[in-house]
Amino acid sequence: MATLEVNGKTVDAMPGDNLIQAARRAGVEIPFYCWHPDLTVVASCRMCLVEVGQRQDDGTVNFDQRLQPACQLPAKPGIIVRTDSEIVRKTQAMTLEQLLLNHPLDCSICDQAGECYLQDYSHKFGNEKSRLQEPKIQRKDKYHIGQQIALFTDRCVMCTRCVRFTREVSGGAELQIIQRGSTEEIDVFPGHGCNDKLAGNVVDLCPVGALCSKDFLYSKRVWWLKSQNSVCPGCSTGCSISIDQNEQQIYRLRPRENPLAQGHFMCDDGRFGFKYIHDERRLTQPLLRGIASEIIPRDVVCSRADDLSFDDKWPHTMDTLRRLLRERIGKTPERSIALFSPFMTVEEAFLLATFLRKISPRSNLAMGPIPVVGENDYYPKFPNGSSAPADKARFTIRSEKCPNRAGVAWVIDHFQRPGLGLDEVIVRAKRNEWDTAIMTGGYPETWVTADFNSAFQSVTLLVVQDIFPSLLSERAQIVIPGGSFAERNGSFVNHSGLVQAIRPAIRSPGQARPDGRIFWELAEREGLFDPVSVRREMAATIKAFARFANETLEPNGISLTDSVRLSETKAAVANGSSGSTGAGS
Amino acid sequence: MSDEFEPVLLRRMGRPNSEQLETYLADGGGQALRKAFLMRPEELVSMIRESGLRGRGGAGFPCGLKWSFLPQARTGPTYLCINGDESEPGTFNNRILIECDPHQVLEGIIIACYATGAERAYFYLRYEYGLCYRILEQAIAELYSAKLLGKNILGSGFNLDIFVHRGAGAYICGEETGLIESLEGKRAWPRIKPPFPAVEGAFGKPTVVNNVETLACVVHIVDRGVEWFRSMGIPKDPDNPRDAGSYGPKLYTVCGHVNRPGIVELPMGITARELIDNHAGGVWKNRTAKAIVPGGISMGFLSANELDTPLDFAGPIRAGCLGLGTAAVIVIDDQTSMVDVLYNSCRFFSHESCGQCTPCREGTAWSTNILARIRAGKGQLRDLDLLLEIAHSMGTIPGTTICGLADGAAWPVRNCMAKFRDEFEAWIAGGHCVQASDLVSSH
Amino acid sequence: MSELSQEIRDEITGLMDRYPSRQAVTLPALHLIQQSARCVSSKAVVELAEMLELSPAQVHDTLSFYGFFRDETRPLGHKRVWFCRSLPCMLRGGEELLAEACRRFQVRPGETTSDGELTIESAECLGGCDGAPCLLVDDMLVLNAAETTLATLSEGSK
Numbered sequence: 001m002a003t004l005e006v007n008g009k010t011v012d013a014m015p016g017d018n019l020i021q022a023a024r025r026a027g028v029e030i031p032f033y034c035w036h037p038d039l040t041v042v043a044s045c046r047m048c049l050v051e052v053g054q055r056q057d058d059g060t061v062n063f064d065q066r067l068q069p070a071c072q073l074p075a076k077p078g079i080i081v082r083t084d085s086e087i088v089r090k091t092q093a094m095t096l097e098q099l100l101l102n103h104p105l106d107c108s109i110c111d112q113a114g115e116c117y118l119q120d121y122s123h124k125f126g127n128e129k130s131r132l133q134e135p136k137i138q139r140k141d142k143y144h145i146g147q148q149i150a151l152f153t154d155r156c157v158m159c160t161r162c163v164r165f166t167r168e169v170s171g172g173a174e175l176q177i178i179q180r181g182s183t184e185e186i187d188v189f190p191g192h193g194c195n196d197k198l199a200g201n202v203v204d205l206c207p208v209g210a211l212c213s214k215d216f217l218y219s220k221r222v223w224w225l226k227s228q229n230s231v232c233p234g235c236s237t238g239c240s241i242s243i244d245q246n247e248q249q250i251y252r253l254r255p256r257e258n259p260l261a262q263g264h265f266m267c268d269d270g271r272f273g274f275k276y277i278h279d280e281r282r283l284t285q286p287l288l289r290g291i292a293s294e295i296i297p298r299d300v301v302c303s304r305a306d307d308l309s310f311d312d313k314w315p316h317t318m319d320t321l322r323r324l325l326r327e328r329i330g331k332t333p334e335r336s337i338a339l340f341s342p343f344m345t346v347e348e349a350f351l352l353a354t355f356l357r358k359i360s361p362r363s364n365l366a367m368g369p370i371p372v373v374g375e376n377d378y379y380p381k382f383p384n385g386s387s388a389p390a391d392k393a394r395f396t397i398r399s400e401k402c403p404n405r406a407g408v409a410w411v412i413d414h415f416q417r418p419g420l421g422l423d424e425v426i427v428r429a430k431r432n433e434w435d436t437a438i439m440t441g442g443y444p445e446t447w448v449t450a451d452f453n454s455a456f457q458s459v460t461l462l463v464v465q466d467i468f469p470s471l472l473s474e475r476a477q478i479v480i481p482g483g484s485f486a487e488r489n490g491s492f493v494n495h496s497g498l499v500q501a502i503r504p505a506i507r508s509p510g511q512a513r514p515d516g517r518i519f520w521e522l523a524e525r526e527g528l529f530d531p532v533s534v535r536r537e538m539a540a541t542i543k544a545f546a547r548f549a550n551e552t553l554e555p556n557g558i559s560l561t562d563s564v565r566l567s568e569t570k571a572a573v574a575n576g577s578s579g580s581t582g583a584g585s
Numbered sequence: 001m002s003d004e005f006e007p008v009l010l011r012r013m014g015r016p017n018s019e020q021l022e023t024y025l026a027d028g029g030g031q032a033l034r035k036a037f038l039m040r041p042e043e044l045v046s047m048i049r050e051s052g053l054r055g056r057g058g059a060g061f062p063c064g065l066k067w068s069f070l071p072q073a074r075t076g077p078t079y080l081c082i083n084g085d086e087s088e089p090g091t092f093n094n095r096i097l098i099e100c101d102p103h104q105v106l107e108g109i110i111i112a113c114y115a116t117g118a119e120r121a122y123f124y125l126r127y128e129y130g131l132c133y134r135i136l137e138q139a140i141a142e143l144y145s146a147k148l149l150g151k152n153i154l155g156s157g158f159n160l161d162i163f164v165h166r167g168a169g170a171y172i173c174g175e176e177t178g179l180i181e182s183l184e185g186k187r188a189w190p191r192i193k194p195p196f197p198a199v200e201g202a203f204g205k206p207t208v209v210n211n212v213e214t215l216a217c218v219v220h221i222v223d224r225g226v227e228w229f230r231s232m233g234i235p236k237d238p239d240n241p242r243d244a245g246s247y248g249p250k251l252y253t254v255c256g257h258v259n260r261p262g263i264v265e266l267p268m269g270i271t272a273r274e275l276i277d278n279h280a281g282g283v284w285k286n287r288t289a290k291a292i293v294p295g296g297i298s299m300g301f302l303s304a305n306e307l308d309t310p311l312d313f314a315g316p317i318r319a320g321c322l323g324l325g326t327a328a329v330i331v332i333d334d335q336t337s338m339v340d341v342l343y344n345s346c347r348f349f350s351h352e353s354c355g356q357c358t359p360c361r362e363g364t365a366w367s368t369n370i371l372a373r374i375r376a377g378k379g380q381l382r383d384l385d386l387l388l389e390i391a392h393s394m395g396t397i398p399g400t401t402i403c404g405l406a407d408g409a410a411w412p413v414r415n416c417m418a419k420f421r422d423e424f425e426a427w428i429a430g431g432h433c434v435q436a437s438d439l440v441s442s443h
Numbered sequence: 001m002s003e004l005s006q007e008i009r010d011e012i013t014g015l016m017d018r019y020p021s022r023q024a025v026t027l028p029a030l031h032l033i034q035q036s037a038r039c040v041s042s043k044a045v046v047e048l049a050e051m052l053e054l055s056p057a058q059v060h061d062t063l064s065f066y067g068f069f070r071d072e073t074r075p076l077g078h079k080r081v082w083f084c085r086s087l088p089c090m091l092r093g094g095e096e097l098l099a100e101a102c103r104r105f106q107v108r109p110g111e112t113t114s115d116g117e118l119t120i121e122s123a124e125c126l127g128g129c130d131g132a133p134c135l136l137v138d139d140m141l142v143l144n145a146a147e148t149t150l151a152t153l154s155e156g157s158k
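Chains as they are written, first to last, in my numbering: chain C, 1 to 585; chain U, 1 to 443; chain P, 1 to 158.
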């Protein structure tokens, strides 16, 4: 560890820190545009210039005449950094004045306003006004950069983060700099837009309002957005994200840096994959069909998400559900099956499994369908067709298109040994061996095929908990409208055994409820659903989750894999390459 | 003293067929290479270090020291890049050397490669030197035929290939890491250092970049010895620990408002006045010099009363200039407006700024626009302070940019404001403006 | 149909041995292409990028940095003449010579005469300062250029 001094404050730097990072630890902000911890250092914006010196034997400090880019200098022991001297302040102000020379100052209509480093640094480090007398250069906006990306060319500060990203991380090298000197601009080659699955990251990387997301464009001023930490459910990579919402409407997802998960980025499938949450086909009302003479009309079940004219069907639904499950499973537990979705949180899976097993230890639990698409997708992918090997990948989009197979599998594995594979469940369904079936969904798209549906034709009590209608929910005796990931509280375990928290960013539509609350109430637990207490309980009972006991999941989650290895579980520890359709098989 | 000086680098200039290998060998060429092969590479490096040879490309970095930066234990290839991107306004000595005596340069290259262990050399030549390109290709072909290139040169066991790589019109390729980027097929954006090219240069391998004239000097140091080289020029200043001295012969070029523009080889340290009066036929049209550029436009200006400044590595610095640069002297007569001169200088750097660092990319363009406005009769006195501040931010404060281009852009402004400010003030106060016709080509 | 002829492709491939990376062939290849086609078309960029295992944007990034290459919307004339206007040439009439050339050939700097013969360019220092003002005709320097030189330019191009 290196101890250095920044503006008179002593600070311990971490290994690998540059002077920007070291100064940050001392509470000193050094402004920068081009530097990004996950891209090569180019030191070209010159915003981070500082004075650097060494203490002499007589105690005086000898500062280099030469200003140094803080991004480029490793934090070495004994370095003395000065960022508040006149020369540094003047240089920062001049660089800002120059970056703004041809900037249109159109903050009033700029998406970035409110989270723009030109605004922030001008405020903190800039000159009061520009001395430019010449007309500004006006450059054309470029909507052709990508299907999801627009470039407001005259707001660009030429930090080249976006270009470096496409060359170093995504690999396709679709972005380029054209021309040179003061006429240079960012562009793509005509007909070769920036459209790969990591393209959207260049918008996050852009420190100013130059690269904008077409999806988000002009839709909301950012200061109205509230962010909630969560995890992308799109694949088993489990990218840490922020959900940005306003008045129950999600406007965008952004990657949240997490060195234990994905790093700094996320893929566009995940980034733009949240739209289903606001789909008007969402299930919004609980339904009892053909039970106790209470039949609820279909059009009410499928009412619009914003339909608030409901009467509360929950108390009756929950009572009925609880009663029927106890009756049925209590009588013939071996003829009952519960399918657990890999979109459930570990807490939800634990609550449901505990409830069912309490009725009878002979009730059956199994993993529902695991959506797998293609192979793992490793980046960078270079123009010559080569891509990074798995161990050198800068980013991986996994073929397993769900967030929590591993976590749910561990829960089931704890309760059901030997495990029951989905294939076997279906075979037995076709042999009419199930009377009672509980199906949990939560998949972002249709997951019930006609074959799957018909396999369970003979089930006499079908309970479906889901977010979208399906062939199953169309005929189920009990339909429970659950929540999307953005509405729930709990945790997901990713491919590597990292468990991360998801937090509710919005309320569920209509009468739909977060699943944790549903299962909590089903089990007649006291008080409000509390995922932390569930986790404590899990730590005490399941070896794989032992670390739940004394570690918080904030902010980056904790790795469970070591404790899993200690346990003797036979559950498939998700390594991301598995294409299995069931757990414990 | 200069009258008796017998040129070494230019000794074969003007001889018939001087570009041919046959005449080169007949004139005694190739001796140095034979001597070099009798030495160990590290002996050659020491020899060049001891000679005090400083790079002739503009920065004046000690050549032997540069070679010695190559890692001692290295595996894999080492490259020599020859910097023939000569683009500094006023500079043409490399062109003359290649056109008149390519084999002298190539001999220097072979020796330098042997000394540094480079088995491949890339001769980066600016595209505009088409004649040089053809002469070099011919000369290299002759060397291969004579087995002075290729495998096992002169039975030394040393192998070498030389490839000529043509530029495409960018001044910044003369900056050594810009050159390397350009060689690699990228935009010529100078690299941040470290790593220095000696450790990680072209294609990620240890690389030395040397100027054409520097390599020509190497031949004669090996041939005639260190003492011969050190007998010429200005010894290092004992009071200045940073001064490495200015030894050996130097090619001075003189152009602009003189009667006989041209090139002359002289020991380091001749004064600007001697150069103009004794070697360039004096200022043209019986005028006097108002200002001279001491070594390519980026070095700034000497005023009329600074013409006795010796043109060694240290002299122009003492007179407030950036340095000796390429020793390319441009003479500006007393009828020329410094406003026009500075505008021309700023426009050049704006055109050639690579666009990587903010202060240079924006500062060069902004300065040019301000000067264009002043020339158009719309200047204000406060523009002069602004010009100075912009220059300060991009070049005068050390470290504000990655490479030295911005320093070169800043120094002419700085010198003009220090030495010719009256003229700018008079221009602005007098409401002067250039004729519309003069502006036709300025866009 | 391929934009790059087999001949040019062979030449480009032949250059690959000279460099440890394919990208390094970019500049020499662009020179070859522009020499034969008087421009580097978008299609040529795409095909070259494929040969060099780069994205078209990478090739174009390099191409556009050097003020030397033209796309198909602005192909070069039969002859390209650069007029130097840097300080040494400016001091000896370079700007005036360029202005005169523009008048004479009825073009602005960067444009090509209507008969497609002559492209006039303004240049920064060409390295012919001992013969200022100087011109560059394609890649050959013409020193001590004067108005009489302009006449030979149009003669030669007819």
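Derived from the structure by calculation, the hints contain no laboratory data. Be aware that a few hints might be false.
To be verified - Simulated pairs of lysine-lysine, PhoX-like, Cα-Cα distance not exceeding 20 Å:
id: 1; chain 1: C; residue 1: K358; chain 2: C; residue 2: K331
id: 2; chain 1: U; residue 1: K205; chain 2: U; residue 2: K186
id: 3; chain 1: U; residue 1: K193; chain 2: C; residue 2: K76
id: 4; chain 1: C; residue 1: K136; chain 2: C; residue 2: K214
id: 5; chain 1: C; residue 1: K392; chain 2: C; residue 2: K381
id: 6; chain 1: U; residue 1: K205; chain 2: C; residue 2: K136
Said to hold, decoys possible - Chain C stretches covered by chain P per the calculated footprint, using a threshold of three residues with CB under 8 Å from any CB of chain P:
id: 7; segment: 185 to 191
id: 8; segment: 463 to 472
As the list claims (entries may be wrong) - Stretches of chain U that chain C covers, calculated by requiring three or more beta carbons in the stretch to come under 8 Å of a beta carbon on chain C:
id: 9; segment: 65 to 75
id: 10; segment: 362 to 371
Only a predicted model underlies this, so the values are computations on that prediction, with no experimental measurement involved. Note that beta-carbon positions come from the ideal geometry of N, C-alpha and C, so glycine has one too.
Hint check results:
1. Distance check on the hinted pair: C/K358 and C/K331 sit about 13 Å apart at the alpha-carbon level, within 20 Å; holds.
2. The straight-line distance between the Cα atoms of U/K205 and U/K186 is roughly 16 Å, inside the 20 Å bound, and the hint therefore holds.
3. Restraint check: the Cα-Cα separation between U/K193 and C/K76 comes to about 17 Å, which is no more than 20 Å; the hinted pair holds.
4. For the hint linking C/K136 to C/K214, the alpha-carbon distance of about 26 Å lies beyond 20 Å, and the restraint is violated.
5. Distance restraint check for C/K392 and C/K381: the Cα-Cα separation of roughly 12 Å lies within the 20 Å cut-off, and the hinted pair is therefore satisfied.
6. About 43 Å separates the Cα atoms of U/K205 and C/K136, which puts this hinted pair outside 20 Å; it is violated.
7. With a cut-off of 8 Å between beta carbons, the segment 185 to 191 of chain C has 5 residues touching chain P; three or more are needed, and the interface restraint holds.
8. Residue count for the segment 463 to 472 of chain C with a Cβ under 8 Å from a Cβ of chain P: 0. That is fewer than the three needed, and the coverage hint is violated.
9. Given a C-beta distance limit of less than 8 Å, the hint that chain C covers the segment 65 to 75 of chain U is violated, as 0 residues qualify and 3 are needed.
10. Using a Cβ-Cβ cut-off of 8 Å, 7 residues of the segment 362 to 371 of chain U lie near chain C, which meets the minimum of three, so the contact claim holds.
In this structure, the earlier hints numbered 4, 6, 8 and 9 are contradicted, and the remaining ones agree with it.
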